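Enquirer: Could you put the whole structure together from the sequences, leaning on the hints where they help?
There are 2 protein chains.
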Amino acid sequence: MENGQSEAALRYEALTVDTLATRLGDVHEVASRVGGEPASWEIREVGDGNLNLVFIVTGTAGSVVVKQALPYVRMVGESWPLPLYRAHFEYYALVRQAKRAPNIAPEVFYFDKPQALFVMEYLYPHTILRRKLIKGERVAHLGETIGQFCARTAFRGSELSLPSPEKKQDVGLFSGNVAIPAITESLVFTDPYYGAEMNHHTPELSPVVDELRRNVRLKAKVQRLLMKFTANTETMLHGDLHSGSIMATDTDVRVIDPEFSQYGPMAFDLGMAVANFLMAYFSQPAHRKDNVLATYQAWILEVIEACFTSFDAEFRYLWQTERTGILFPRALFEEQGNSADDACDALLDEIRLDALAYCGIEMHRRVLSLAHNADFEEIEDTALRARLEARNVLMGQALIMNPDAAREVPALIELAQAYNRQDVL
Amino acid sequence: MENGQSEAALRYEALTVDTLATRLGDVHEVASRVGGEPASWEIREVGDGNLNLVFIVTGTAGSVVVKQALPYVRMVGESWPLPLYRAHFEYYALVRQAKRAPNIAPEVFYFDKPQALFVMEYLYPHTILRRKLIKGERVAHLGETIGQFCARTAFRGSELSLPSPEKKQDVGLFSGNVAIPAITESLVFTDPYYGAEMNHHTPELSPVVDELRRNVRLKAKVQRLLMKFTANTETMLHGDLHSGSIMATDTDVRVIDPEFSQYGPMAFDLGMAVANFLMAYFSQPAHRKDNVLATYQAWILEVIEACFTSFDAEFRYLWQTERTGILFPRALFEEQGNSADDACDALLDEIRLDALAYCGIEMHRRVLSLAHNADFEEIEDTALRARLEARNVLMGQALIMNPDAAREVPALIELAQAYNRQDVL
Chain G
1 MENGQSEAAL RYEALTVDTL ATRLGDVHEV ASRVGGEPAS WEIREVGDGN LNLVFIVTGT
61 AGSVVVKQAL PYVRMVGESW PLPLYRAHFE YYALVRQAKR APNIAPEVFY FDKPQALFVM
121 EYLYPHTILR RKLIKGERVA HLGETIGQFC ARTAFRGSEL SLPSPEKKQD VGLFSGNVAI
181 PAITESLVFT DPYYGAEMNH HTPELSPVVD ELRRNVRLKA KVQRLLMKFT ANTETMLHGD
241 LHSGSIMATD TDVRVIDPEF SQYGPMAFDL GMAVANFLMA YFSQPAHRKD NVLATYQAWI
301 LEVIEACFTS FDAEFRYLWQ TERTGILFPR ALFEEQGNSA DDACDALLDE IRLDALAYCG
361 IEMHRRVLSL AHNADFEEIE DTALRARLEA RNVLMGQALI MNPDAAREVP ALIELAQAYN
421 RQDVL
Chain V
1 MENGQSEAAL RYEALTVDTL ATRLGDVHEV ASRVGGEPAS WEIREVGDGN LNLVFIVTGT
61 AGSVVVKQAL PYVRMVGESW PLPLYRAHFE YYALVRQAKR APNIAPEVFY FDKPQALFVM
121 EYLYPHTILR RKLIKGERVA HLGETIGQFC ARTAFRGSEL SLPSPEKKQD VGLFSGNVAI
181 PAITESLVFT DPYYGAEMNH HTPELSPVVD ELRRNVRLKA KVQRLLMKFT ANTETMLHGD
241 LHSGSIMATD TDVRVIDPEF SQYGPMAFDL GMAVANFLMA YFSQPAHRKD NVLATYQAWI
301 LEVIEACFTS FDAEFRYLWQ TERTGILFPR ALFEEQGNSA DDACDALLDE IRLDALAYCG
361 IEMHRRVLSL AHNADFEEIE DTALRARLEA RNVLMGQALI MNPDAAREVP ALIELAQAYN
421 RQDVL
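Read top to bottom, the protein sequences are chains G and V.
Take 1 as the starting number for the first sequence in full-length UniProt numbering and just add one per residue.
Take 1 as the starting number for the second sequence in full-length UniProt numbering and just add one per residue.
For the record, the hints were derived by calculation from the structure and aren't laboratory data.
One or more hints might be untrue.
If chains are identical, the list can't say which one is meant, so a pair holds when it fits in one copy or spans any two.
Unchecked claim - The list that follows gives simulated cross-link-like pairs (lysine to any residue, SDA-like), each with its CA atoms no further than 20 Å apart:
id, residue 1, residue 2
1, K228, R330
2, K228, V171
3, K289, A14
4, K289, L212
5, K228, T309
6, K289, Q417
Bear in mind the structure is a predicted one, so any value in this text is a computation, not a measurement.
Expert: This is the structure in C-alpha cells:
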C-alpha cells in the first residue's frame, strides 16, 4: 500500500479543494472508489480538528476521506511547526488497529508517505460522538465497543500476544514519532498544574484552579504517572481516545484519528475515554433539564460501567485464548497444572487503578490546559460552566489521589453522582 | 571514532592471535597505545566469558584490550547463533556510561562496526571481582562505587535529566538490539521457574527447586516484573551488572561488559548487583571458616548497605542539581515554592522495592537457569553447595514475594543473616 515514489521525487505540497482532483484523480485506489470524472468530484474541506487537512471527496460511486498533515499545528498556526511524519504514524496505527480490533478504525485505501496523506473510508451517517453527547443522543453498545476496542488493542499490541522481536521493532519504529508524545507530555501531564503560557480556563473557576495547583502531592502523583507514560512501551496506544475521536450512528461506533499513537501503558486509552464520558456527564446540566437530564446522565454512567466491564471481560477472554507472547507463558502456568487466572485479575486490577488516575488527569487538562472540550466550552454562562467544571476538576483530583476508592465500578459511579450534587462555587 | 568503511567493504572475520597484529597494526588509535612493531606485539586470547573473543595486546608502550563479538554464543557453540550487532550496542553503552559515570567503564579507543570489534583500556592490575569475593579479598569503597554508578547511569540516562527527543531517539536505537533482551527475558525471568531445556541445578537442591516451581503466586509476580522489564524504557541499563562484570584492585572499582545494555527500569542494575553480593555472602561458608568467615561475611553485608545508601544519596543529589528533563520539572515544584523532595523519596522507595524483587530473581536464575555463578559452582561438595544455594533461593523468594519487609537496609541485612543460619536441606 505504500507507494514507491522517493521523497525527493515528490515534494510535499498541501492539497486544496482545487488541486485534489488533479493530484489524486489517477490514483486507482482512490478513483475506483469515488467513481466518475475527477473533474466532477465534489470536494469539501471539513478539517475541524486541531492539526490537519481533511477532505471528503464524492463521485458517482461513493465517497472517501483524504487526510493530509500540515507542517504546523493548525489551531495555533505556522508559529508552532509540527513534523509531517506524524501522518506516517497515524497510518501505521490505523493498519495495526484494523488487524487488532477489526471494523472499528476506518479502512485505509491508499498511503502517500512524502505527501503525508492517506485516503480512507468515509464514515456515513456517523457523526462525532462529542456532538451527540452534547445533543443528548444515545448510541447503542457505546461503552461495550470502546471497552472492547481498548482491551483488544491493549492486549494484541503487547508482549502478552505479539512475538517480542516484532513488538520491539515496532517500538523502535514508533520512537521516531518524537514530536507527538512531547505534546501529550506537556499539554496533558504538566501544563494543567501551573500557569503555562498557552493555558486558559473559565475565569470563575480560578479559586479551584489555584487550590489544585498548590496540591504538591497531586503534582508529584501526576509526574509519576507521566514517568510511567513516557517510559512505558506495554502496547500501542490510540493515544487520544476522547469523544472527538469517536464517530457513531445510533447503533455503530467507530474510532478515528490515532495520530497521537505511541507505545505506552495499557491503561491510558481506557482512562482517557472514560474521562471524556465523565466530562459529558458533568456538563449535562447546562445542556438539558429535569427528567431528561437525569435519565441521560444515568445513561452516560451506564456507558462508563459498560466500558470498564467489557474491557475486563474481553481482556480475560484474550488472556485465555491468545496468550502467545513471552509474558505469563503457558509453560509456567497451564502446562504445570497452574491457573494463570489470578495473575490476570491482578494485572486488570493494576490497569484499573492506572486508568482511573489517567482519567483524572484528562479531566483536568481539558478545562485547564490548551485544548478544551466543547462539552464545557460551549456553555455560554461562564458562572454555570465554572460550577460544572469544578465538579469535574475535583472528581479528577480524587481519582488521581486515591484511585483505590473508585476501584469497583459501583463506587466510581457513586463518586460521580456525589460530585454531580456538590458545589464549591 | 566510528570508522568510515562500509559494511560491504570489510566482511566480518573473527580475529585470531595470529591475525590480530596484521589487521590492527596500522590502526593509529591502537598502534600508538601499544607501541613498537606490530609483529612483535604480545597477544593473548583471554575471553573466559560466555559470548565473545577478548584479546590483550601488549607492546613497548602499553597494553589494550580488543573485544570482538562472535556470531554465536561461545559457551554453547554455533548451534546458538547471536547477531554481531550486539557489539555495536556494547560500544554505544560504553560511550554513554563514560559520559554519565566517568572513570568507571573502560575507555574506548577505537570502534570497527562491520568487524563488531572495539579496542579499549586494559585494566591492570584489576581482577574480576567475583574471583576476589571467592578468595576473600576486600575492595575499598566497593558498595559506594557501585551504588553511585547505578544512580548516575539511572538518573542521567532518564527523562529526569536527558532532553526527551534525545532519549526517545536513543530508545529507538537500542530497540534494534533485539536478540540480547530476549536472552535476559528467558534466562533470567522465565527459565528458572520451570524445567526449561538448558537449565541445570545441583541435584541435592531438587526438593527446594520443586517447591519453588509450584509457587504460582511467585511465578505471577516474576512475570509481572518481566512485563515491567520488557516494556519499560526509564533509563539505559548496564543490563548484566554481576560480580563478573566488575573488575577491581584493592582500591579501584571498574564496571565492564555492558553488552546486555538496554533501556529498562531504574531498579534493575542495582538489584542485580546486590543479588551478586548476596550470593557471594551465602557461598562463603564453603570458601573459609570461623572468624575469618564471620568477619568477611560481615564485610559483604557492609558492601550491600553502602550500595543502597550511596545509590539513594547520589540519586537525591542529582535530583537537586541536575533535574533538567521533562519529569518533575522545577516549573511545577521549586518555581512554585514547593519542594520536590517528597516526590524524590517516593520514587526512591519504589526503586528500592523493585530492586529487591529483581535481586530475588537474579538470586534464583544463577542457581536454577543456564548461567551459574562460580561462587556456588566451584563448591565441589554438592551437598554443601545445595545447602548454601537453598539459603540463597529461599531468601530470593522472600524478596520477590514481600520486598516491603526488606525495604529498610537493616531489615534486609537481618533477613540475610537469618537465611544464613537456616537450613532446610
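Enquirer: Name the hints, by number, that the structure is in violation of.
Expert: 3, 4 and 5
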